[in-house]
Amino acid sequence: MQTILSIKNLTKTYGEDFTALNDVSLEIRKGEIFALLGPNGAGKTTLISTICGIVNPSGGTVTVDGHDIITNYRAARAMIGLVPQELTTDSFETVWDTVSFTRGLFGKKRDNALVSKILKDLSLYDKKDNKIMTLSGGMKRRVLIAKALSHEPRILFLDEPTAGVDVELRKDMWAVVRGLQQSGVTIILTTHYIEEAEEMADRVGIISKGEIILVEDKATLMAKLGKKHLTLELCEKLETVPDTLKGYDLSLSDDGFSLVYQYDSTGKTTGITGLLDKLKGENIAFRDLSTGQRSLEDIFVGLVKGGEG
Amino acid sequence: MKKFNMQSLNIRGVKAIYLFEMARLRRTLFQSIASPVISTLLYFVVFGSAIGSRIEQVDGITYAQFIVPGLLMLSLLTHSTSNASFGIYFPKFTGTIYEVLSAPISYLEIVMGYVGAAASKSIILGVIILVTSAFFVDLQIAHPFWMVFFLLMTSITFALLGFIIGIWADNFEKLQVIPLLVITPLTFLGGTFYSLDMLPPFWQTVSLFNPVVYLISGFRWSFYEMADVNISVSVFMIFFFLFSCLGVVWWIFRTGYNIKQ
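These protein sequence lines are chains W and V, in that order.
Its first residue numbered 355, the first sequence is counted upward by one per residue in our numbering.
Its first residue numbered 161, the second sequence is counted upward by one per residue in our numbering.
Note that these hints are calculated values from the structure, not bench results.
Careful: at least some of the hints might be erroneous.
What the hints assert, rightly or not - Capping the alpha-carbon separation at 25 Å, the derived lysine to any residue pairs in SDA-like fashion look like this:
(1) V:Lys420 x W:Glu565
(2) W:Lys463 x V:Leu179
(3) W:Lys622 x W:Met576
(4) W:Lys482 x V:Arg184
(5) V:Lys420 x W:Asn376
(6) W:Lys463 x V:Ile257
(7) W:Lys582 x W:Val569
(8) W:Lys482 x V:Gly255
(9) W:Lys634 x W:Asp652
(10) W:Lys384 x W:Ser445
(11) W:Lys581 x W:Gln536
(12) W:Lys463 x V:Trp328
(13) W:Lys362 x V:Gly416
(14) W:Lys384 x W:Tyr368
(15) V:Lys420 x W:Pro507
(16) W:Lys481 x V:Thr188
(17) V:Lys420 x W:Tyr368
(18) W:Lys481 x W:Glu522
Claimed, not checked - Sample of chain W residues with no beta-carbon within 10 Å of chain V, all distances over it, derived:
(19) Thr442
(20) Thr456
(21) Glu553
Remember, it's a predicted structure, so these values are computed and weren't measured experimentally.
Heads up, the beta-carbon is just placed ideally off N, CA and C, and yes, glycines get one too.
With these hints in hand, go ahead and build the complete structure from the sequences.
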């Protein structure tokens with residue numbers, strides 16, 4: 355797939371003490387939804403801000419569809435829409451005026467039909483003459499998205515777009531984002547909501563302490579790192595795991611009534627049949643069983659904490 | 161359809177900033193226009209009529225006539241500065257500056273938008289005050305071209321100064337410090353209400369270090385052909401201030417001082 359955003363050895367330092375971005379290299383494919391995950395202070399917003407021209411890079415290069423963000427910044431920035439993390443909006447302007455302002459700022463001719471369409475898509479049209487200060491937080495978030503879309507960007511950065519947004523509105527926004535992807539827009543989102551990345555992303559990148567520590571297709575990542583577990587609800591309390599079962603990755607719950615078996619679902623054999631046979635041999639009866647898979651959140655936490663994942 | 165050349169000037173971007181700033185003028189009409197006009201009228205009443213009636217003519221013109229260019233200059237300097245400083249400081253304060261910084265717009269174009277709007281506002285105000293003053297005094301403009309020249313150049317130059325202050329300021333108090341503690345005193349001491357001839361020789365010499373003296377002197381010359389300093393010196397000084405401010409603005413954007421991390 356064609357690369358639309360290329361980041362090579364990007365570095366951002368503040369003074370001599372703090373490195374916000376450390377030799378970051380990343381390629382974003384045209385038309386994908388890329389989720390950038392990372393704990394607070396990992397460098398997500400700094401990375402986005404640097405690409406968008408808000409922060410000066412200390413080193414490295416960034417090109418947007420072949421346009422360098424420094425030497426050919428006009429062409430590069432014209433392709434990018436940014437929805438910032440903070441609800442940074444004007445207060446006294448109307449929704450219509452602030453969205454039209456952004457379009458003008460990006461050198462685009464006035465287009466009332468397009469602005470109307472964007473506002474309708476985001477359920478903002480009936481608020482178009484309202485001053486922004488009168489809107490709720492969720493509505494202000496939509497205004498920021500409308501502003502970012504007003505100049506028809508080919509790449510859209512969403513910096514924690516659903517932070518502080520209720521579940522219903524979040525799902526609405528996911529639908530909007532999917533619609534944008536279908537229209538050919540490449541989307542890069544940062545989020546604290548792991549389910550958002552699981553739900554939306556084609557690929558996932560994890561950033562920690564200013565370094566990209568993993569970039570992977572979401573499905574591959576889930577399959578590669580997503581160990582499964584089998585939980586057996588026992589009929590009788592078990593004090594310890596019998597020695598004959600020591601070869602299995604088993605753990606006993608504190609109350610002694612649940613036995614959890616970790617296994618690799620991508621391996622040749624899972625060991626489940628053998629385990630069940632041995633349980634029968636030990637006369638350990640169970641009344642229920644269930645399987646589960648580790649979430650992206652588990653994987654994320656494991657990676658950031660330096661575990662094996 | 162003609163394709164937009166991204167390397168060309170982003171005129172629409174400049175226009176967007178300009179109109180955005182001018183919209184604030186419409187929203188705050190009383191504060192932006194009525195309030196300074198009333199203040200200036202009070203100066204006319206107090207200095208022109210009440211005190212001025214007790215002062216003899218100054219170089220052949222009435223005292224009320226004499227103070228018109230100074231009052232205009234006072235208004236231009238303070239409002240050009242405050243309009244531009246507020247215009248760029250407010251988006252910094254609210255965080256909406258991100259939008260300008262991430263847009264395909266050059267530093268020159270950003271300055272053109274903000275400074276152009278601030279200068280326009282003060283020019284509109286200046287013209288209103290000029291017309292209003294015509295109701296109080298017999299106004300003469302000996303050199304209309306030079307009057308317009310000083311009006312434009314002063315507005316633009318001090319709007320640039322205001323832009324610098326707005327970038328420098330990181331709180332509302334700093335935003336007010338330079339206009340209140342530097343520009344206003346310099347204007348009052350720069351010959352708004354008196355001719356330098358009225359001062360003792362020592363203070364005449366001291367006044368020559370006040371840059372506003374040259375602006376007011378040149379502006380008053382364009383009205384009545386009377387000046388404290390040679391008109392060519394006034395013209396030189398206004399260009400000197402203009403290029404000094406442009407140099408600082410260029411440095412701000414080059415380094416990203418207080419605007420870009």
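Status of each hint after checking the structure:
1. V:Lys420 x W:Glu565: With Cα atoms ~22 Å apart, Lys420 of chain V and Glu565 of chain W stay inside 25 Å; holds.
2. W:Lys463 x V:Leu179: holds, 14 Å
3. W:Lys622 x W:Met576: Judged against 25 Å, a Cα distance of about 18 Å means the pair holds.
4. W:Lys482 x V:Arg184: Answer holds: Lys482 of chain W to Arg184 of chain V is near 18 Å, not above 25 Å.
5. V:Lys420 x W:Asn376: holds, 19 Å
6. W:Lys463 x V:Ile257: holds, 21 Å
7. W:Lys582 x W:Val569: holds, 22 Å
8. W:Lys482 x V:Gly255: holds, 22 Å
9. W:Lys634 x W:Asp652: violated, 32 Å
10. W:Lys384 x W:Ser445: violated, 35 Å
11. W:Lys581 x W:Gln536: Roughly 32 Å separates the two Cα atoms, so the pair is violated.
12. W:Lys463 x V:Trp328: violated, 33 Å
13. W:Lys362 x V:Gly416: holds, 23 Å
14. W:Lys384 x W:Tyr368: violated, 32 Å
15. V:Lys420 x W:Pro507: holds, 23 Å
16. W:Lys481 x V:Thr188: Given pair Lys481 of chain W, Thr188 of chain V holds - Cα atoms ~23 Å apart, limit 25 Å.
17. V:Lys420 x W:Tyr368: holds, 12 Å
18. W:Lys481 x W:Glu522: Distance of about 19 Å is within 25 Å: holds.
19. Thr442: Not fine: 3 Å to the nearest Cβ puts Thr442 of chain W too close to chain V.
20. Thr456: violated, 6 Å
21. Glu553: holds, 27 Å
The structure fails to meet hints 9, 10, 11, 12, 14, 19, 20 from the earlier list, while all remaining hints are met.
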